[in-house]
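Let's have the full structure, built from the sequences with the hints guiding it.
Which chain is which? The protein sequence lines are A and B, in order. Under UniProt numbering, the first residue of the first sequence carries the number 1, and numbering increases by one thereafter. Under UniProt numbering, the first residue of the second sequence carries the number 1, and numbering increases by one thereafter.
Hints were generated in silico from the structure; no laboratory data involved. Mixed in with the good hints, there may be bad ones.
Think about it this way: if two alpha-carbon atoms lie no more than 20 angstroms apart in a straight line, the pair counts; the simulated SDA-like pairs of lysine to any residue are [what the hints assert, rightly or not]: (1) 178/B - 230/B; (2) 175/A - 155/B; (3) 29/B - 158/A.
Going by beta-carbon spacing under 8 angstroms, a handful of chain A positions derived as facing chain B [unchecked claim]: (4) 60; (5) 104; (6) 198.
The calculated label-pair distances, taken between Cβ atoms and stated as ranges, are [claimed, not checked]: (7) 246/A - 244/B: 55 to 61 angstroms; (8) 44/A - 55/B: 19 to 25 angstroms; (9) 211/B - 294/A: 41 to 47 angstroms; (10) 326/A - 215/B: 58 to 64 angstroms; (11) 229/B - 326/A: 48 to 54 angstroms; (12) 111/B - 41/A: 36 to 42 angstroms; (13) 159/A - 211/B: 21 to 27 angstroms; (14) 8/A - 184/B: 39 to 45 angstroms.
Keep in mind it's a predicted model, so treat the numbers as computed, not measured. Yeah, the Cβ is synthetic: ideal placement off N, Cα and C, and Gly gets one too.
Each chain is listed here by its residues.
2 protein chains.
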Amino acid sequence: MKTSSLVKVTKAEKSKIDQVDFDNLVFGKTFTDHMFVCDFKDGQWQTPEILPYQPLTLDPSAKVFHYGQAVFEGMKAYKDTDGKVWLFRPEENYERINKSSARLQMPEFPRDFFFEGLEQLLNLDKEWIKSGQADGNALYIRPFVIASQPGVMASPSTEYKFIIICSPVQAYYTKDVKVKIADYYSRAANGGFGAAKAAGNYAGQFYPTRLVQEEGFDQVIWTDDTTHEYLEEAGTMNIFFRINDTLVTCPTSDRILDGVTRKSVIAMAEKLGITVEVRKVTVKEITEAAANGTLKESFGSGTAAVISPIGTIAYKDQVWDLEKPENCYSATIKKAILDVQYNAAEDTFGWRHEVK
Amino acid sequence: MKTSSLVKVTKAEKSKIDQVDFDNLVFGKTFTDHMFVCDFKDGQWQTPEILPYQPLTLDPSAKVFHYGQAVFEGMKAYKDTDGKVWLFRPEENYERINKSSARLQMPEFPRDFFFEGLEQLLNLDKEWIKSGQADGNALYIRPFVIASQPGVMASPSTEYKFIIICSPVQAYYTKDVKVKIADYYSRAANGGFGAAKAAGNYAGQFYPTRLVQEEGFDQVIWTDDTTHEYLEEAGTMNIFFRINDTLVTCPTSDRILDGVTRKSVIAMAEKLGITVEVRKVTVKEITEAAANGTLKESFGSGTAAVISPIGTIAYKDQVWDLEKPENCYSATIKKAILDVQYNAAEDTFGWRHEVK
Ligand SMILES: Cc1ncc(COP(=O)(O)O)c(C=O)c1O
Ligand SMILES: Cc1ncc(COP(=O)(O)O)c(C=O)c1O
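Structure below.
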């Protein structure tokens, strides 16, 4: 285990790990013994600390509660069969959280604080990471930044907290998801901050999602807010379509999150010899392909589930069920990525990062 | 003073009021001795309480930090020269916070809890409300609701806190504001939640606002995100233009906050015999009117300042300064509304509500 002079560590007196049933985890409900916290004030990030997991104390006027200055990341640590711990493309998450922060006029977090803090934290809470690729055992890692300055005026905060909390998880979706294409509500504006992993991008989705859930679907597939003719992404996943034997996904933009899994799926698919097209995808072509049988597969991509196959896709009054094809891209690509994540296959892309 | 069986009251041991310099208040920085708090759990709002103003303790995984489920209101209490305390159209704020909550899949707050809580709180902290219409002395009231359930999964919270905090304030803007019309960034999406007073609508504005501030302006005037051809609203104000002798403002929509001050300005202007047009307003007509001198005035409307005259308006490379006309609408309407708010004139609309 590395030791670091950067991070001040206060260990929990007693671990809570014995109280946890690792075979029946609810996603994102259980947290490990420690958390990483670093405060920004007087124009700079202060000494980072690892502390026992504990509540936050904030003034009721703290800006995060009123003006939504809050960004986050989602990443995972995996344990291989030898007990080694691995991160998947953590550099991408580090860069993305700073991009998200910049779009919300929040200060960037230093690289050494991020990586040393994260690795120290994972080392301390190593026991919480269970091996077991088949069950999707992993440690979900949630770095986030919140505006902590007191004051009810709509201007950027001068104080922030950068925090990392960790939650042991298992496979996210076990069933195929049922999605409905948005024709009225939207997730993000042109020139807005949809591309940022900002807290404010999520709450607005809950009500439209609830509406489709009342019709029996799980999630909304968002479309552009101007015409609703172009498919964009799902609530917490980017989206792929297999038309005949070509895998299609839309380009990222200022409305769409540049998913780490999305770019990994594209690279892995190409490596596996699959033709990938990154281009605008219309609702019209996808609904026609669903109707005439050329839409062979569709899936979402995201850190939580890697790939979530879509079993049903709906648009307005029409509903199509997708049969799993023989040579299923989603299963093949998912397996290939998981093998890299769990150190069960060669890492030709250099995506894996060992936590020592 | 009313007593209420609904609200449980715990008084502060000692008031902080002596430490406050009421002649040098910074907007939204100083808070009164008490706060109102009501928790939602197990599917219902629990007993509302008034407590000494104090920090909130929340789990670091509380959903407000991650998914932006947070809405708020802004209203004011005014003290007249006889020491009576008045609210301005509080029913509007009550209804709007529930509309905002509904759009973010949050539970509505009961009317009796809201009004009894608010009035009890104002009674307890009455001393903090200073009279003085000329200085804009008032108590700014900030009701807000935050998602408090722990858990890092993007789904609606099952637990919330409804809170009211109060801050003594003086006139907000003292100088005329300089604004620049947005031609790239946007505030809200079609089918989004721009019409909700949601935390997530504010943080995204800070970076574009910062960019115009670097050019010497104070605020952005937002335009529609599809074409950037239609003027919508400012960061925390609706916007009015006087073209020749007609006052023009755009209609509300799912992108624009339905401001209480906006609708009061429209009603008051009409009462004063001013012609008001509520219709789409193009960037083209306003910049042409600015260039040819028919744009006589422009101002923002909002609770904080009632009316903020715009002294300079810019679009791309062009900048126009607006000279105050002789018969200035903004000054006349502002005075007329303030007179109602401070109980200095007859309230023909029934807008005033006495806090007893
Ligand atoms: C809106 C949105 N889209 C897509 C994704 C997928 O991104 P990633 O693959 O980096 O997890 C996420 C994050 O999980 C997301 O929140
Ligand atoms: C985005 C936005 N527009 C307009 C306004 C003005 O609304 P009101 O007049 O109700 O204060 C506000 C609130 O202050 C606001 O936040």
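Okay, the hints, checked on the actual structure:
no. : hint                              : result
1   : 178/B - 230/B                     : holds (19 angstroms)
2   : 175/A - 155/B                     : holds (18 angstroms)
3   : 29/B - 158/A                      : holds (13 angstroms)
4   : 60                                : holds (5 angstroms)
5   : 104                               : holds (5 angstroms)
6   : 198                               : holds (7 angstroms)
7   : 246/A - 244/B: 55 to 61 angstroms : holds (59 angstroms)
8   : 44/A - 55/B: 19 to 25 angstroms   : holds (23 angstroms)
9   : 211/B - 294/A: 41 to 47 angstroms : holds (45 angstroms)
10  : 326/A - 215/B: 58 to 64 angstroms : holds (60 angstroms)
11  : 229/B - 326/A: 48 to 54 angstroms : holds (51 angstroms)
12  : 111/B - 41/A: 36 to 42 angstroms  : holds (40 angstroms)
13  : 159/A - 211/B: 21 to 27 angstroms : holds (22 angstroms)
14  : 8/A - 184/B: 39 to 45 angstroms   : holds (43 angstroms)
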